[in-house]
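Q: Chain by chain, the residues run as shown.
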Amino acid sequence: MTMKFAVVVFPGSNCDADCLHVVKELLSCEAEPVWHKDRDLKGADAVILPGGFAYGDYLRAGALARFSPVMESVAEFARAGGPVLGICNGFQVLLEAGLLPGAVRVNKTLRYICRDVFMRVENNETAFTRLYEPGQVVRMPIGHGEGNYTAPRETLEELRRERRVVFRYCDEMGRVAEAANPNGAAENIAGISNREGNVVGLMPHPDRCSEKLLGNDAGLKMFESAVHALSSRGLAIG
Amino acid sequence: MKVEVRVYPRQDVLDPQGKAIAAALSRLGHRTVKDVRAGKVFFLEVEGSDPAAAERDARLMAEELLANTVIEGYDVKVLPEPA
Numbered sequence: 010m011t012m013k014f015a016v017v018v019f020p021g022s023n024c025d026a027d028c029l030h031v032v033k034e035l036l037s038c039e040a041e042p043v044w045h046k047d048r049d050l051k052g053a054d055a056v057i058l059p060g061g062f063a064y065g066d067y068l069r070a071g072a073l074a075r076f077s078p079v080m081e082s083v084a085e086f087a088r089a090g091g092p093v094l095g096i097c098n099g100f101q102v103l104l105e106a107g108l109l110p111g112a113v114r115v116n117k118t119l120r121y122i123c124r125d126v127f128m129r130v131e132n133n134e135t136a137f138t139r140l141y142e143p144g145q146v147v148r149m150p151i152g153h154g155e156g157n158y159t160a161p162r163e164t165l166e167e168l169r170r171e172r173r174v175v176f177r178y179c180d181e182m183g184r185v186a187e188a189a190n191p192n193g194a195a196e197n198i199a200g201i202s203n204r205e206g207n208v209v210g211l212m213p214h215p216d217r218c219s220e221k222l223l224g225n226d227a228g229l230k231m232f233e234s235a236v237h238a239l240s241s242r243g244l245a246i247g
Numbered sequence: 326m327k328v329e330v331r332v333y334p335r336q337d338v339l340d341p342q343g344k345a346i347a348a349a350l351s352r353l354g355h356r357t358v359k360d361v362r363a364g365k366v367f368f369l370e371v372e373g374s375d376p377a378a379a380e381r382d383a384r385l386m387a388e389e390l391l392a393n394t395v396i397e398g399y400d401v402k403v404l405p406e407p408a
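Going down the list, the sequences are from chains A and B.
At position 59 of the first sequence the residue is numbered 68 (this note's numbering), and the sequence of numbers has no breaks.
At position 1 of the second sequence the residue is numbered 326 (this note's numbering), and the sequence of numbers has no breaks.
Incorrect hints may appear among the rest.
To be verified - Derived list of chain A stretches under chain B, where covered just means 3 residues or more per stretch with a C-beta under 8 Å from a C-beta of chain B:
| hint | stretch |
| --- | --- |
| 1 | 113-121 |
| 2 | 156-168 |
Unchecked claim - Covered stretches of chain B (in silico footprint by chain A; criterion: 3 or more residues with CB under 8 Å from a CB of chain A, positions within the stretch not fixed):
| hint | stretch |
| --- | --- |
| 3 | 328-341 |
| 4 | 371-378 |
As the list claims (entries may be wrong) - Straight-line alpha carbon distances no greater than 20 Å define the calculated SDA-like cross-link-like pairs of lysine to any residue that follow:
| hint | chain 1 | residue 1 | chain 2 | residue 2 |
| --- | --- | --- | --- | --- |
| 5 | B | Lys365 | A | Asp66 |
| 6 | A | Lys117 | B | Phe368 |
| 7 | A | Lys117 | B | Leu350 |
| 8 | A | Lys117 | B | Glu372 |
| 9 | B | Lys365 | A | Leu73 |
| 10 | B | Lys365 | B | Arg352 |
| 11 | A | Lys117 | B | Glu388 |
| 12 | B | Lys327 | A | Leu73 |
| 13 | B | Lys344 | A | Gly193 |
| 14 | A | Lys117 | B | Val338 |
| 15 | B | Lys344 | A | Ala195 |
| 16 | A | Lys117 | B | Val395 |
| 17 | A | Lys117 | B | Ala387 |
| 18 | A | Lys117 | B | Arg362 |
| 19 | A | Lys117 | B | Ala348 |
| 20 | A | Lys117 | B | Glu389 |
| 21 | A | Lys117 | B | Leu385 |
| 22 | A | Lys117 | B | Val401 |
| 23 | B | Lys365 | A | Glu187 |
| 24 | A | Lys117 | B | Glu397 |
| 25 | A | Lys117 | B | Gln336 |
| 26 | A | Lys117 | B | Ala377 |
| 27 | A | Lys117 | B | Leu369 |
| 28 | A | Lys117 | B | Glu329 |
| 29 | B | Lys344 | A | Gly154 |
| 30 | B | Lys344 | A | Leu119 |
| 31 | B | Lys365 | A | Glu155 |
| 32 | A | Lys117 | B | Gly343 |
| 33 | A | Lys117 | B | Pro334 |
| 34 | A | Lys117 | B | Pro341 |
| 35 | A | Lys117 | B | Gln342 |
| 36 | B | Lys344 | A | Glu187 |
| 37 | B | Lys344 | A | Leu73 |
| 38 | B | Lys365 | A | Gly154 |
| 39 | A | Lys117 | B | Arg381 |
| 40 | A | Lys117 | B | Lys365 |
If you are wondering where the hints come from, they were derived from the structure by calculation, not from laboratory data.
All C-beta atoms in this analysis are idealised placements derived from N, C-alpha and C, irrespective of residue type, glycine included.
Generate coordinates for the entire structure from the input sequences, incorporating the hints supplied.
A: Encoded structure:
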């Protein structure tokens, strides 16, 4: 059974081709771009919201993209337990759409940051992290001006209690310290999940570090995890 | 009618932009500035003549789109039509 990924394309998405490449060429899965005005996810088993600047990030990053017709289908797919991954701008869209809690503000440095960071895998039981070791330190690139994650105190507590912080920024040794926090995100949060663990969003770019040719393939496991999650679910169902 | 919607970072949310502007003002010699919060203003032109309805609508717009209430507050002002 080959799995099929849908990669949503908003006007202004610019990492959709990277995601399609990873899924098709590196995982040998099927991949379909889905235009934001379509409501049909084309029978996909997993959905990726890629990075970029949907709608030019006008108003706030993700604020206008969340009203695209495709987002109703994505929300329905997520509610039914389908795996949804939001990368960078895709994460911002998930936040604005309320599929994940919280919001991002402009980076504490007020600058666009484009460099590698280290993250610690805080929860390896989500649909996109199950092939990582708990506490594993991974290096991934970031490229964003608004990645400074925040949420009301009670939401942050809930995320902690329910182990929904998936990645935290850390140093090379895995120490979660303020110095290792590139953008000022609350509690060094780089990525979170919904309660069920099927919806995951993160600011760093696994799609930009999924093959050795690029010098780093630490991100590939995120995509492989979804394949793994789905094939074991398939087995469980029968 | 004209309606103004002001959107600004909530008091309990750190505003890096406001902080940077405050620091710049201070460097320019404006020593009286203690704090700055940077927000946005939306100038809406709306149909109708009922200010209460216009305000209600604008609040809905702010909740739905103009503000992200996780991090932003807003207020709405309906400007009287010039006589």
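Q: Next, verify each hint and record whether it holds.
A: Structure-based check of each hint:
Under the rule that three or more residues need a Cβ within less than 8 Å of chain B, the assignment of the stretch 113-121 of chain A holds, with 6 such residues. With a threshold of 8 Å between beta carbons, the proposed coverage of the stretch 156-168 of chain A by chain B holds, since 4 of its residues qualify and at least three are required. Given as covered by chain A, the stretch 328-341 of chain B passes the check, having 5 residues with a CB less than 8 Å from a CB of that chain where 3 are the minimum. With 0 residues having a Cβ less than 8 Å from any Cβ of chain A, the stretch 371-378 of chain B misses the three-residue criterion, and the hint is violated.
Distance check on the hinted pair: lysine 365(B) and aspartate 66(A) sit about 15 Å apart at the alpha-carbon level, within 20 Å; holds. About 29 Å separates the Cα atoms of lysine 117(A) and phenylalanine 368(B), which puts this hinted pair outside 20 Å; it is violated. Only pairs whose Cα atoms come within 20 Å are accepted, and lysine 117(A) paired with leucine 350(B) is accepted, the gap being roughly 18 Å. With a CA separation close to 40 Å, the supplied pair lysine 117(A) and glutamate 372(B) exceeds the 20 Å bound.
Between lysine 365(B) and leucine 73(A), the direct Cα distance comes to roughly 16 Å. Compliance with the 20 Å bound is thereby established for this hinted pair. For a cut-off of 20 Å, the pair hint linking lysine 365(B) to arginine 352(B) is broken: about 24 Å separates their Cα positions. For the hint linking lysine 117(A) to glutamate 388(B), the alpha-carbon distance of about 26 Å lies beyond 20 Å, and the restraint is violated. In summary, the hint linking lysine 327(B) to leucine 73(A) is not supported, as the alpha carbons are separated by about 23 Å, beyond the 20 Å threshold.
With a C-alpha separation of about 14 Å, the suggested pairing of lysine 344(B) with glycine 193(A) holds against the 20 Å cut-off. The straight-line distance between the Cα atoms of lysine 117(A) and valine 338(B) is roughly 12 Å, inside the 20 Å bound, and the hint therefore holds. Taken as a hint, the lysine 344(B) and alanine 195(A) pair is honoured in the structure, with Cα atoms around 17 Å apart against an allowance of 20 Å. Of the pairs offered as hints, the one joining lysine 117(A) and valine 395(B) holds, with about 18 Å between alpha carbons and a cut-off of 20 Å not exceeded.
Annotation: proposed proximity of lysine 117(A) to alanine 387(B) is violated, straight-line Cα distance about 25 Å (limit 20 Å). Only pairs whose Cα atoms come within 20 Å are accepted, and lysine 117(A) paired with arginine 362(B) is accepted, the gap being roughly 14 Å. Pair hint lysine 117(A) plus alanine 348(B) holds up; C-alpha atoms about 14 Å apart against a cutoff of 20 Å. Taken as a hint, the lysine 117(A) and glutamate 389(B) pair is broken in the structure, with Cα atoms around 26 Å apart against an allowance of 20 Å.
For the given pair, lysine 117(A) sits about 30 Å from leucine 385(B) by alpha-carbon distance, which is inconsistent with the 20 Å threshold. Between lysine 117(A) and valine 401(B) the CA atoms are separated by roughly 29 Å; this puts the pair beyond 20 Å, and the hint is violated. For the hint linking lysine 365(B) to glutamate 187(A), the alpha-carbon distance of about 30 Å lies beyond 20 Å, and the restraint is violated. With a CA separation close to 17 Å, the supplied pair lysine 117(A) and glutamate 397(B) stays within the 20 Å bound.
A hinted pair counts as satisfied when its Cα atoms are at most 20 Å apart, and lysine 117(A) with glutamine 336(B) qualifies at roughly 16 Å. A C-alpha spacing of about 39 Å is found between lysine 117(A) and alanine 377(B), which places the hinted pair above 20 Å, so the restraint is violated. At most 20 Å may separate the alpha-carbon atoms for a hinted pair to count; lysine 117(A) and leucine 369(B) exceed this at roughly 31 Å. With a C-alpha separation of about 29 Å, the suggested pair lysine 117(A) and glutamate 329(B) falls outside the 20 Å cut-off, and the hint is violated.
Between lysine 344(B) and glycine 154(A) the CA atoms are separated by roughly 16 Å; this keeps the pair inside 20 Å, and the hint holds. For the suggested pair lysine 344(B) and leucine 119(A), the alpha carbons sit about 10 Å apart, so the restraint of at most 20 Å is met. For the hint pairing lysine 365(B) with glutamate 155(A), the CA-to-CA distance comes to about 17 Å; that is within 20 Å, so the pair holds. Distance check on the hinted pair: lysine 117(A) and glycine 343(B) sit about 11 Å apart at the alpha-carbon level, within 20 Å; holds.
The hinted pair formed by lysine 117(A) and proline 334(B) meets the criterion: a straight-line CA distance of about 14 Å does not exceed 20 Å. Straight-line distance between C-alpha atoms of lysine 117(A) and proline 341(B) comes to about 5 Å, which keeps the hinted pair within the 20 Å bound. A threshold of 20 Å between alpha carbons decides the hint, and for lysine 117(A) with glutamine 342(B) the separation of about 8 Å falls inside it, so the pair holds. With a C-alpha separation of about 19 Å, the suggested pair lysine 344(B) and glutamate 187(A) falls inside the 20 Å cut-off, and the hint holds.
Under the criterion of a C-alpha separation no larger than 20 Å, the hint pairing lysine 344(B) with leucine 73(A) is inconsistent with the structure, at around 27 Å. For the suggested pair lysine 365(B) and glycine 154(A), the alpha carbons sit about 18 Å apart, so the restraint of at most 20 Å is met. About 35 Å separates the Cα atoms of lysine 117(A) and arginine 381(B), which puts this hinted pair outside 20 Å; it is violated. Restraint check for lysine 117(A) and lysine 365(B): satisfied, since their Cα atoms lie roughly 19 Å apart, inside the 20 Å limit.
When each numbered hint is compared with the structure, violations occur for hints 4, 6, 8, 10, 11, 12, 17, 20, 21, 22, 23, 26, 27, 28, 37, 39.
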